[in-house]
Every structure is written in C-alpha cells, then in structure tokens.
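Chemist: Letter by letter, the chains look like this.
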Amino acid sequence: MQKIMVAVKRVVDYNVRVRVKPDGSGVVTDGVKMSINPFDEIALEEALRIRERGEAEEVIVVSIGASDCQQQLRTGLAMGADRAILVETGDRLEPLAAAQVLLKLIERESPELVILGKQAIDDDNSQTGQMLAALWDRPQATFASKLELTDGKATVTREVDAGLEVIEVDLPAVVTTDLRLNEPRYVKLPDIMKAKKKPLDTVPLADLGVGTDAQFKITNYAPPEQRQKGIMVEDVAGLVKALKDKGLV
Amino acid sequence: MSKILIIAEHDGTSLNPATAKTLSCALDFKADSVDIAVFAASGEAVAKQAAALTGVNRVLQIDNAANEHPLAAVLAPQVARLAADYTHVLGPSTTFGKDLMPRVAALLGVGQLSDIMEVRGSHEFRRPIYAGNAVITVEAPSDRTLVATVRVASYQAAAEGGSAKVEALSVDAQLPDHTRFGELRGGSSDRPDLQSAARVVSGGRALGSAEKFELIFGLADKIGAAVGASRAAVDAGYVPNELQVGQTGKIIAPELYIAIGISGAIQHLTGIKDAGTIVAINKDGEAPIFEVADIGLVGDLFQIIPELEAALG
Ligand SMILES: Cc1cc2nc3c(=O)[nH]c(=O)nc-3n(C[C@H](O)[C@H](O)[C@H](O)COP(=O)(O)OP(=O)(O)OC[C@H]3O[C@@H](n4cnc5c(N)ncnc54)[C@H](O)[C@@H]3O)c2cc1C
Ligand SMILES: Nc1ncnc2c1ncn2[C@@H]1O[C@H](COP(=O)(O)O)[C@@H](O)[C@H]1O
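Chains as they are written, first to last, in the numbering used here: chain A, 1 to 249; chain B, 1 to 313.
Think of the hints as simulated: they come from the structure by calculation, not from any bench. Treat the hints loosely; a few may be bogus.
Here are the simulated lysine-lysine pairs, BS3-like style, with alpha carbons at most 30 Å apart [to be verified]: (1) Lys48(B) with Lys30(B); (2) Lys246(A) with Lys3(B); (3) Lys273(B) with Lys244(A); (4) Lys222(B) with Lys273(B); (5) Lys212(B) with Lys241(A); (6) Lys229(A) with Lys283(B); (7) Lys222(B) with Lys229(A); (8) Lys3(B) with Lys165(B).
Turn these sequences into a full structure, and let the hints steer you where they fit.
Modeler: Here is the structure:
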C-alpha cells in the first residue's frame with residue numbers, strides 16, 4: 001500500500017501524578033512532562049514495522065493541537081515517520097471534532113490504513129478511532145494486539161473482555177492499538193538530528209472548516225475520593241484474623 | 001421527557017451482567033421509560049433475561065443473521081435507526097460498548113460521553129479522567145440525543161423480578177459487508193467472571209512465570225475467587241489479556257481484592273478503587289499499593305501463599 005496515517009496526541013506523561021487545581025477549574029499541566037500518548041507510540045511503531053517489511057511506502061504522523069505538539073511530531077519523525085502534519089488550534093477538541101479533522105486529512109492524503117491509539121490517557125475517552133471510521137464509512141478494528149495485511153485486507157486480533165477476537169476488514173480501514181501490539185523502539189540521538197530535516201507541515205484548523213464548539217460542558221474538576229489507609233498485619237495469622245473480623249472468609 | 005434505550009451485551013445465549021449494571025445507571029435518570037435492545041441472530045433467550053430485569057419497559061428483539069457476532073460496523077447503523085425514538089442511548093463501558101457507542105454517536109452526528117460514574121440529572125454526570133486522578137462534572141446538551149457509556153463498576157446489577165414485554169422488530173438499515181467475524185479465542189473457564197466476581201485474587205510481575213502464577217489460581221480456587229493480573233504479568237505472558245485489571249484493562253469492584261506481588265501503579269489502582277476491601281501482599285513495605293490497602297502484609301509471596309492456603313483450611 002501507499003500510505004499509512006498515524007494520529008498522535010500530546011498528553012501529560014503517564015508517569016506524572018496528575019493533580020486537580022485547588023479551585024476545581026482544571027488539572028495542573030503547567031511545567032509537567034508531556035509525551036506522545038503511549039498508545040499512539042504503539043500505533044506509530046506498528047506503521048513503521050509495516051513499512052519496514054515493505055508493505056507500505058510512506059508513514060505520515062499527524063497531530064491536532066497547539067504549536068507545542070510539534071515536539072511530539074518531531075519525536076515521531078525521529079522514530080521513523082516520513083513526514084508530519086500539525087493541525088494547529090488553541091481549542092480543546094472533543095473526539096467527534098478530532099475525528100472530523102482526521103477525516104479532512106484522509107481526504108487530502110488518501111491513506112489505505114489509519115492507526116490511532118485505543119484511548120488517550122488524559123481524557124480516557126476511547127472514541128476518536130471509532131468515530132473516524134463511522135464518518136469515513138469504513139471498517140474499524142479497535143483494541144488491536146495483532147495486525148496482518150494481505151491483498152487489500154487486514155486480519156486483526158482484538159483484545160476484548162472475553163479474550164481475543166479475530167476479525168477481517170477490507171482496506172482502507174481504521175485500526176486502534178492495544179498495549180500488546182508491539183513494543184515501541186527508543187529514539188536514538190542521530191535520528192533526532194535527522195528528523196529535523198524531515199517535512200513538518202502546519203495547517204491552521206480554520207482552513208479545514210471544522211468547528212470546535214464543545215458539546216459537553218465541564219463544570220467542575222474534583223480530586224477522586226481517597227481510600228483510607230488501612231492496617232498492617234504481621235503475619236498470615238494476622239491476615240486471616242483481619243479477614244475473619246470483616247466477615248470476608 | 002426522557003426515554004432511554006440500552007444496548008444489551010450478550011454472547012448469544014446469556015445476557016452479560018454489564019447490561020443489568022447499565023440498567024441501574026439508567027434508572028438513576030428517573031426517565032419516563034427504559035427499553036433494552038437485543039441484537040442477535042436469534043435473541044429469544046437473551047431477550048427473556050433482559051425482560052426479567054426490574055425497571056424495564058420494553059425489550060426490543062432485533063433478529064438478523066448479520067447480528068450473530070457483535071461487530072460495531074454492523075450494529076451501529078441499526079442502533080442509530082432506533083435512536084430516533086429516544087433521548088438517551090446507553091451501553092456498558094466494556095470492550096463491547098466502547099467499540100460500538102462512539103460509532104453510533106458519530107452516525108448521529110453527536111458527541112459521546114464515556115464512563116458515567118454518577119448521574120446528577122438527565123443531562124448532568126460525573127466521570128473519571130486521567131486514570132481516575134480527577135473526576136469531572138459534565139453537562140450534556142439537552143437538544144440532541146445523548147449517547148453514553150456507563151462505568152459498570154460504579155453500579156450494582158439491577159434486580160430480577162420484572163416482566164417487560166418483548167417485541168420482535170426488524171430494523172431497516174443498510175449493513176456493510178466490509179467487516180467479517182473470524183473467531184473468538186476465549187479463556188473460557190469454570191472460574192468466576194472477573195468483572196462480576198465478589199472476590200478477586202490478582203498477581204503481578206513478581207510471580208515470575210506462568211508456572212508460578214498457578215499459585216494465584218490455587219489460592220483463588222480455594223476461596224472461590226476470580227483471577228486478575230497487572231499489566232506487567234500480562235505483558236510477560238503469565239496470563240491472557242482478559243485478566244488485566246486497570247485503567248486500560250478491566251475496572252472492577254469486588255467485595256474483596258487481594259493484590260499479590262503488585263506494586264500499585266496508578267494505572268492499576270484506578271481499576272480497583274471501588275473494591276470493598278483491598279488486601280496487599282508485597283515484599284517491599286514501601287510499595288504504593290499499601291497506601292490504598294485496607295490490610296497489608298509485607299513478605300515473600302512464595303512463602304505467604306502456601307501458608308495462607310493452609311490457614312484457610
Ligand atoms: C498506557 C499505560 C497503560 C497501563 N495500563 C495498565 C493497566 O490497565 N493495568 C496495570 O496493572 N498496569 C497498567 N500499566 C502499567 C503500570 O504502569 C505498571 O507498570 C504495572 O502495573 C506494574 O505491574 P506490577 O505491579 O505487576 O509490576 P512491578 O511494578 O514490577 O511490581 C512488582 C512488585 O512485586 C513485588 N515483589 C517482587 N518479588 C516479590 C515477592 N517474592 N513477594 C512479594 N512481592 C514481591 C515488588 O516489591 C513490586 O512491588 C499501564 C501503563 C501504561 C503506560
Ligand atoms: N488531538 C489529537 N491529535 C492527534 N490524535 C488524536 C487527538 N485526539 C485523539 N487522537 C487519536 O485518537 C486516539 C483516541 O483518543 P480518545 O478518543 O480521545 O481516547 C488517540 O490515541 C489518538 O491516536
């Protein structure tokens with residue numbers, strides 16, 4: 001196939017313990033480490049492996065957000081993507097709007113395969129890939145842990161609650177990644193240097209004609225209820241007694 | 001006036017408990033009616049189970065050979081058709097619901113709300129973000145259909161004892177053939193189901209191999225518990241993916257959760273924060289799991305598990 005498109009979102013790094021602002025107006029993101037959403041790294045890794053196997057010509061990495069998303073796109077280029085597109089906007093997009101934007105890019109680029117993460121670990125929505133597939137009127141294979149391509153079709157193993165489900169979809173299609181699909185490569189310093197020369201196009205969101213009005217209004221952010229710290233027991237006898245006291249065994 | 005439609009999750013013969021939990025959430029809306037839709041090849045048995053849940057007005061049984069397996073691309077256009085008669089369309093926040101509901105929403109041209117954990121009004125909800133590190137209050141627009149998933153661990157299954165009417169229905173929608181079911185490789189076991197079990201014993205990376213993970217299965221069998229695992233244990237291949245508990249695995253709320261050789265990363269903890277009692281066994285007294293554990297025991301699991309099994313008789 002010609003092209004694979006991969007969507008990467010800039011999110012608070014998974015190691016950061018996110019805190020709610022005292023006034024409940026949001027979470028603290030100033031000065032915290034930002035990264036590519038982990039599932040999107042897996043998406044990009046998969047696309048690169050497909051290209052390296054000779055089954056695709058080009059990998060395009062795209063992101064929607066403010067200009068600092070360029071950092072994550074540069075990382076994507078350093079991992080091995082051929083070129084990058086940033087759809088620039090200062091607004092927070094809901095998944096439906098993100099899917100509408102990605103559809104516009106699909107219309108421009110005509111990729112045969114579009115890979116997204118199964119969820120962005122900031123809002124934990126898990127929607128964008130499914131919405132994109134619906135708007136594009138193409139198949140979706142979500143939560144993928146294995147992806148095989150053969151003449152115009154993809155056979156995808158999906159991690160579902162009951163185990164592993166295998167489906168076959170016609171291309172073009174949207175695939176979203178689960179953790180076990182692959183282990184993303186580390187970026188090496190020379191690759192970072194090389195990536196500086198790779199093309200990174202910026203498209204203002206307004207040029208794509210997608211509205212960003214939020215449908216859902218967030219009226220408050222609160223910290224989660226904390227569990228009380230419990231007791232420590234000395235040994236197995238103590239554990240069994242504590243369980244019996246609570247009527248649990 | 002609110003009219004809610006719930007999309008049933010099932011395997012062709014039994015209704016998944018996630019549906020009864022989604023119903024409990026729906027009943028919190030104080031809606032005028034709550035219907036359940038069963039899409040299947042022949043859904044009679046499942047529809048009957050759905051009709052037996054209290055609080056249901058009607059069960060819609062949509063039989064179609066194309067509905068034999070729950071393919072989102074096939075189900076979504078049918079659900080979107082039915083949605084015209086409802087103010088809210090709900091599904092469980094399981095892999096089934098997460099796959100299907102966003103596709104339905106996009107077909108309707110509306111957004112989707114994920115993981116409702118609390119209903120404050122017909123269009124006001126609370127849901128977790130950032131692996132449960134924050135809980136937001138969200139207002140949804142009331143001038144369009146609300147499509148949402150329900151965080152099933154936040155709800156008890158609705159009781160049985162109802163007798164709703166079952167109506168067979170055929171839905172006129174164009175169904176795609178670009179998506180085909182291959183097979184389902186399930187770890188079908190006699191053990192209790194992880195998502196509905198009252199007790200769960202989970203093991204982490206510390207178990208070290210699939211063979212040694214048998215210790216966890218042994219203890220679980222002893223107390224009639226389901227088995228869970230951390231991501232590290234699944235990644236290492238000790239157990240299959242469907243046992244993963246956490247932000248990106250299963251979110252569960254058993255009465256008793258025993259975490260053995262699990263450090264307690266935030267991504268794991270978000271999957272168990274609604275558990276009744278959390279027991280942690282870890283050789284590192286500083287492990288973060290002890291910050292949330294109701295009962296903690298520091299020590300070597302390879303010594304403790306056999307002792308515990310013996311003590312439990
Ligand atoms: C995007 C993303 C999503 C994730 N989603 C999930 C998820 O859904 N669920 C999940 O669990 N994780 C998830 N993780 C991974 C998570 O961050 C942790 O890496 C993982 O939970 C660690 O697993 P563990 O506790 O088994 O292993 P470790 O962190 O390695 O902990 C092993 C523990 O065992 C103890 N130990 C070792 N030997 C013994 C012994 N002999 N006896 C007793 N104790 C012993 C150690 O003291 C240690 O505390 C996710 C990560 C990312 C980036
Ligand atoms: N702003 C964005 N920029 C690029 N990709 C995105 C964006 N939002 C969502 N995605 C993609 O959609 C996936 C699922 O996101 P979500 O539906 O928000 O959980 C992510 O893993 C990304 O691949």
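Chemist: Hint by hint, where does the structure go against what was stated? Just the numbers, ascending.
Modeler: Those not satisfied come down to hint 2.
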